[in-house]
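Same order as they appear, the protein sequences are chains A and B.
Sequential numbering from 8 applies to the first sequence in the numbering used here.
Sequential numbering from 8 applies to the second sequence in the numbering used here.
There could be a bad hint or two in this list.
Heads up, the list lumps identical chains together, so a pair's fine if it works in one copy or across two of them.
Below, simulated SDA-like cross-link-like pairs (lysine to any residue); rule was C-alpha separation at most 25 Å, straight line [unchecked claim]:
#1 LYS347 / LEU288
#2 LYS556 / TRP390
#3 LYS583 / ALA25
#4 LYS451 / GLY415
#5 LYS133 / LEU54
#6 LYS267 / GLN143
#7 LYS133 / ALA16
#8 LYS137 / LEU288
#9 LYS506 / ASN300
#10 LYS572 / ASP552
Quick caveat, the hints were computed from the structure, so don't treat them as lab data.
There are 2 protein chains.
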Amino acid sequence: MKASQFFIATLKEAPADAEVISHKLMMRAGMIKRLGAGIYNYMPMGLRVIRKVEGIIREEMNRAGAVELLMPVVQPAELWQETGRFDKMGPEMMRVKDRHDRDFIIQPTSEEVVTDIARQELRSYKQLPKNFYHIQTKFRDERRPRFGIMRGREFTMKDAYSFDRSPEAAAKSYETMFAAYKRIFDRFGLQYRAVAADTGAIGGDLSHEFQVIAQTGEDAIIYCPTSDYAANIELAEAVAPATPRAEPTAEMVKTLTPGKSTCADVAAFLGLPLTKSLKSLVLATDTLDEQGNPAGSTVWLLLLRGDHEMNEVKVGKVEGLKAGFRFATLAEIDEHFGCKPGYLGPVGLKKPVKIIADRTVAAMSDFCCGANEADYHLTGVNWGRDLPEPDLVADLRNVVEGDPSPDGQGVLAIERGIEVGHVFYLGTKYSKAMNATFLDETGKPALMEMGCYGIGVTRILGAAIEQSHDARGIIWPDAIAPFTVAICPIGYDRSAEVKAAADALHDELLAAGVDVMLDDRGERPGAMFADWELIGVPHRVVLSDRGLKEGQVEYQGRRDEAATKVAAAEVAAFVKGRLKA
Amino acid sequence: MKASQFFIATLKEAPADAEVISHKLMMRAGMIKRLGAGIYNYMPMGLRVIRKVEGIIREEMNRAGAVELLMPVVQPAELWQETGRFDKMGPEMMRVKDRHDRDFIIQPTSEEVVTDIARQELRSYKQLPKNFYHIQTKFRDERRPRFGIMRGREFTMKDAYSFDRSPEAAAKSYETMFAAYKRIFDRFGLQYRAVAADTGAIGGDLSHEFQVIAQTGEDAIIYCPTSDYAANIELAEAVAPATPRAEPTAEMVKTLTPGKSTCADVAAFLGLPLTKSLKSLVLATDTLDEQGNPAGSTVWLLLLRGDHEMNEVKVGKVEGLKAGFRFATLAEIDEHFGCKPGYLGPVGLKKPVKIIADRTVAAMSDFCCGANEADYHLTGVNWGRDLPEPDLVADLRNVVEGDPSPDGQGVLAIERGIEVGHVFYLGTKYSKAMNATFLDETGKPALMEMGCYGIGVTRILGAAIEQSHDARGIIWPDAIAPFTVAICPIGYDRSAEVKAAADALHDELLAAGVDVMLDDRGERPGAMFADWELIGVPHRVVLSDRGLKEGQVEYQGRRDEAATKVAAAEVAAFVKGRLKA
Chain A
8 MKASQFFIAT LKEAPADAEV ISHKLMMRAG MIKRLGAGIY NYMPMGLRVI
58 RKVEGIIREE MNRAGAVELL MPVVQPAELW QETGRFDKMG PEMMRVKDRH
108 DRDFIIQPTS EEVVTDIARQ ELRSYKQLPK NFYHIQTKFR DERRPRFGIM
158 RGREFTMKDA YSFDRSPEAA AKSYETMFAA YKRIFDRFGL QYRAVAADTG
208 AIGGDLSHEF QVIAQTGEDA IIYCPTSDYA ANIELAEAVA PATPRAEPTA
258 EMVKTLTPGK STCADVAAFL GLPLTKSLKS LVLATDTLDE QGNPAGSTVW
308 LLLLRGDHEM NEVKVGKVEG LKAGFRFATL AEIDEHFGCK PGYLGPVGLK
358 KPVKIIADRT VAAMSDFCCG ANEADYHLTG VNWGRDLPEP DLVADLRNVV
408 EGDPSPDGQG VLAIERGIEV GHVFYLGTKY SKAMNATFLD ETGKPALMEM
458 GCYGIGVTRI LGAAIEQSHD ARGIIWPDAI APFTVAICPI GYDRSAEVKA
508 AADALHDELL AAGVDVMLDD RGERPGAMFA DWELIGVPHR VVLSDRGLKE
558 GQVEYQGRRD EAATKVAAAE VAAFVKGRLK A
Chain B
8 MKASQFFIAT LKEAPADAEV ISHKLMMRAG MIKRLGAGIY NYMPMGLRVI
58 RKVEGIIREE MNRAGAVELL MPVVQPAELW QETGRFDKMG PEMMRVKDRH
108 DRDFIIQPTS EEVVTDIARQ ELRSYKQLPK NFYHIQTKFR DERRPRFGIM
158 RGREFTMKDA YSFDRSPEAA AKSYETMFAA YKRIFDRFGL QYRAVAADTG
208 AIGGDLSHEF QVIAQTGEDA IIYCPTSDYA ANIELAEAVA PATPRAEPTA
258 EMVKTLTPGK STCADVAAFL GLPLTKSLKS LVLATDTLDE QGNPAGSTVW
308 LLLLRGDHEM NEVKVGKVEG LKAGFRFATL AEIDEHFGCK PGYLGPVGLK
358 KPVKIIADRT VAAMSDFCCG ANEADYHLTG VNWGRDLPEP DLVADLRNVV
408 EGDPSPDGQG VLAIERGIEV GHVFYLGTKY SKAMNATFLD ETGKPALMEM
458 GCYGIGVTRI LGAAIEQSHD ARGIIWPDAI APFTVAICPI GYDRSAEVKA
508 AADALHDELL AAGVDVMLDD RGERPGAMFA DWELIGVPHR VVLSDRGLKE
558 GQVEYQGRRD EAATKVAAAE VAAFVKGRLK A
């Protein structure tokens, strides 16, 4: 393609409201154009990347046996009422009424519609497994759309849904999709991790996020550099310390710690390592009577090591807290501890509470904690001697760098990621709600086992840029670049030689199936180079009169420090050799 | 592709609510599935056709220099308020509020958004001409969705918008698009006509509908079989009769025609040809005073030949009627004619009215018309002798078969069509409303001249089927068939020879770029053939043990009366020879 047949609209400055680098660079490269909050026009340069992303996804989904269809953007509310999500989904689901005042929604996802198709079309076990997917516009009315297309309101998502006859078969479908996702992300040419994620109420281990690695990512990815272990922070297990609890060596002493109410302040004040201090968090659970009215509450003391953070998902799995918990009120704290927060601890309670200790805490000795008296802490505290063993020991905290890997193969590291894909085993959540059954081998109706598999198509663009850019602009991987090669002729409109050589190279690369852009705009070299560096085309060839006289052109990869001189006659072959297959 | 990797879901019977043949066949072939009124899932078989249609459109749009982008489905109301269409568009435009109670619309089309892009991005005459297009989901909340996807509510449309520096340049862009549309429709392999259409207030002759010919079409297409002339019924000119008005030969006589109030009844009663009778239609126009209050009305007598029909668009172009007209009330008719409808005529008025005669009427002599007296008509009436010449003579009627072609190259014929495309010169309608200017060669801002160019992508499917089907099902043209070739092996699961030959043919055709489907479902031959005939795959190869023993397979084109025996070794070449390029 030639630039004159295309539309290039780069900007020197990004708009002031662009917060993150990918947003800024996409705006500057003319890939997107804001239409409203969280709503963007995909300009020609950006749409080319989207089409390449979609193309790779489509090829690999088809290869994996999934079948593409297309479900509508505007969907009748009835199906969403069947699953209860019409009421449960908050204002992020956009609702609309038609001219006859009937309720519709703008689809945020398509479980209901695809399950409706499946319950009508998949009637026999002989038709299973089946995996339907579509690549379609979604709308989620985010309260605070931001980061450009990373958290937009209208976006494109590939969502696939598998239907199986048994949990075992569903697990196989899951594995097939997991493998397809790995091929997809490999082909994108992005650094990513498939990260185990929490499965919530469904249980099991069939949930993975596909995270594109980027320092600016919102998510923490926990992984073991010396093994395959990877999980998100919600799920990553903090194993019990390998070394058992040490014997007490100190006496329990009450110490004045005036105004020191945080673990860090207390440890610093007392000259103790933070790893010797205990963090006391007071939670509460409410019970209801048979009529659903409040019928009392229970107070829990949650103990973490001073340098650790509570993991809400893990706490939510503790027996007794599964139905939901909250932080205790000041009144509840005073009632049980006789003290205000900042000086709380498990020793000398006014009224008994349930004590749950993190695994690390259970292995601590000679530790420091609040004395349940304002401005006082205890040091040299030891389990068994100074207070009873905790009621419950569990994994309650976020892992930290250096924690042992749960697979025993090394220690954990943490990096940042952007979630762009998710594979998830749904079980019968939707098939049950919508009575999606098939006739099994014995002729009896059975609920379909489902899985769902999403990729945020438009989000891929933002994530790829967050991962890979420099001061000059975007650096696209070959596979999803808007153009793979930019030919930059100097004096295209002045020199017949330059024009002929540039046209010939363009035609030769095009004929070889290379997605090539010939910049025939007649821009000055500096501006032309800056444009293609900003846009992030991975390979560039510069042709000039002077070079051609010497039989040479210049090749430069987007990441290369300097240009490489290449014999003009060899340049097409040279460029092809530099392309990623 | 093999059937086992795909999803085939044919039905013996179409649902009761399917009204037209294309709807019935698409439902039966498993191409679409109803989700709600006018809202359909595109099932895998239907989506393949859509993708092929889109592919052809995209290639030809790009070849014509248009640039693809993607504008959102959910659009802020502000832009639609700028052009006034937020209020002017009726309930067919779906309106929605976001969580912050801001107004949005679900796009029925994209003039506003693309004009907003253009006014920001196209700042200099050097950037013009430019043509942006997208292929995107549209929603129009039809009052009565019907005919399946022919008049659905959610549909896919390709809409392109050109921006030019002058009306002359815009006309050139129009011609480019017109030529691209011809290539697109040629490539679809459909019988179609590009039909001149009315340009309304803009004037000029830059409006064409692309009509797919089908007996069941809603639109009348007027064309001249011996020339290139083609226009829609609104526009097609009824030229003045070639022969001048004959001299009077009869005396004017008042005749009793009791209860005969239609031209047909009167002519039959009097034994006159219908072409000798006059149809009198009474119209009225209202005038307003400076405050916009009703300030009187004018009554018009419109005269057509008894067998002709009024053309509202043409009448609306008559001087004095351009601002709008209505049919006169019974009171107005009585006031001017002293008579009730059914016996009205231009002779002997009670109070003067403006008389406008169709061109054919102006050339009539010895004609019959109402006598302005109940149960009486006049015969032998002649212009000039019995009444003054009409105040105005104009083309007021629909053309009929056999009328002379306006280009003088023959006589007109009429066929039925389905409108699937429209190219239209917009002028500055939107650029003016939205102040979309560019700096011209002299550095002065000037309004962009626009054109718009639509193709109903999903509608093409319905139109193609209405045009081409038989008792057994759909007959797709090669270019947009869901699969081009169906390989039907008999005993694929029983015979190693059949399986090997079928697989080999499948692989060879696939490698040659042919979109081939191998039916490996193990269906019985009758059911298998019926499926592919219903689905409408244009080429079929049947392999059987018996045939292969004789070194033969059977080829049958979807329109062929019978199968052709082909040497098994030659079949791939034979099939390729039968494909449309």
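Against the structure, the hints:
With identical chains, the CA atoms of LYS347 and LEU288 are at most 25 Å apart within one copy only, with a shortest distance of 12 Å there and 93 Å across copies. In the homo-oligomer, the alpha carbons of LYS556 and TRP390 never lie at most 25 Å apart, since the shortest distance is 85 Å inside one protomer and 87 Å across protomers. Taking the shortest alpha-carbon separations for LYS583 and ALA25, neither the intra-copy value of 36 Å nor the inter-copy value of 54 Å comes in at or below 25 Å. Neither within a single protomer nor between protomers do LYS451 and GLY415 lie at most 25 Å apart by alpha-carbon distance, with minima of 45 Å and 74 Å respectively.
For a Cα distance limit of 25 Å, the shortest separation of LYS133 from LEU54 across copies, 24 Å, qualifies, whereas the shortest one inside one copy, 40 Å, does not. Taking the shortest Cα distances, LYS267 and GLN143 never come within 25 Å of each other, neither inside one copy (55 Å) nor across copies (62 Å). For the identical chains of this complex, LYS133 and ALA16 are inter-copy neighbours only, at 13 Å across copies versus 53 Å inside a copy, given an alpha-carbon limit of 25 Å. Taking the shortest Cα distances, LYS137 and LEU288 never come within 25 Å of each other, neither inside one copy (48 Å) nor across copies (64 Å).
Neither within a single protomer nor between protomers do LYS506 and ASN300 lie at most 25 Å apart by alpha-carbon distance, with minima of 83 Å and 69 Å respectively. In this assembly of identical chains, LYS572 and ASP552 lie within 25 Å of each other by CA distance solely inside one copy; the values are 14 Å within and 63 Å between copies.
Violation of the numbered hints given earlier is confined to hints 2, 3, 4, 6, 8, 9; the remaining hints are satisfied by the structure.
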